[in-house]
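S.K.: Just need the whole structure built from these sequences, with the hints factored in.
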Amino acid sequence: MNMEIRQTQKKFCVTCTIKIKFKQYRKETTYLPLLVRKREQEQQKTKQKQQQKQQQQQQQQQR
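Numbering (the numbering used here), first residue to last: 18 to 80.
Please keep in mind that the hints were generated in silico from the structure rather than gathered at the bench.
Because the structure is a prediction, the values reported are computed rather than measured.
Backbone N, C-alpha and C fix where the C-beta goes; we use that ideal spot for every residue, glycine too.
Among the hints, erroneous ones may be present.
When the alpha-carbon atoms are kept at most 20 Å apart in a straight line, the in silico PhoX-like pairs for lysine-lysine are as follows [claimed, not checked]:
#1 K55 / K38
#2 K40 / K55
#3 K70 / K40
Pairwise CB distance ranges, derived in the manner of DEER restraints [what the hints assert, rightly or not]:
#4 R54 / Q76: 29 to 37 Å
#5 K40 / T63: 30 to 38 Å
#6 V53 / V31: 20 to 28 Å
#7 Q67 / R43: 26 to 34 Å
M.R.: Right, here's the structure in full:
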């Protein structure tokens, strides 16, 4: 039970930090054209996929 709680907290922290970083990044890049934003979105999607894979691997290891 304890291990599960720790994992959820970690995931939450990671998502929070990503959101904060992304907000800062967007502020810096508001003047860039839309194409760059599209690229950013694509990169974010790939990051999310990688995170999901990592989470799945962690779950498998626990079992």
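S.K.: For the pair V53 and V31, does the Cβ-Cβ distance stay inside 20 to 28 Å?
M.R.: holds, 25 Å
S.K.: What's the verdict on K70 and K40, does the C-alpha distance respect the 20 Å limit or exceed it?
M.R.: violated, 24 Å
S.K.: Could you check the hint for me, namely that R54 and Q76 are 29 to 37 Å apart, CB to CB?
M.R.: holds, 33 Å
S.K.: Can the restraint linking K55 and K38 be considered satisfied, given a maximum Cα separation of 20 Å?
M.R.: Distance ~17 Å between K55 and K38 Cα, so the pair holds.
S.K.: Do the beta carbons of Q67 and R43 sit within 26 to 34 Å of each other?
M.R.: For Q67 and R43 the Cβ distance comes to about 21 Å; the hint is violated.
S.K.: Would the pair K40 and K55 pass a check requiring their Cα atoms to be no farther apart than 20 Å?
M.R.: holds, 15 Å
S.K.: Between the beta carbons of K40 and T63, is the distance compatible with 30 to 38 Å?
M.R.: violated, 19 Å
In summary, the numbered hints that this structure violates are 3, 5, 7.
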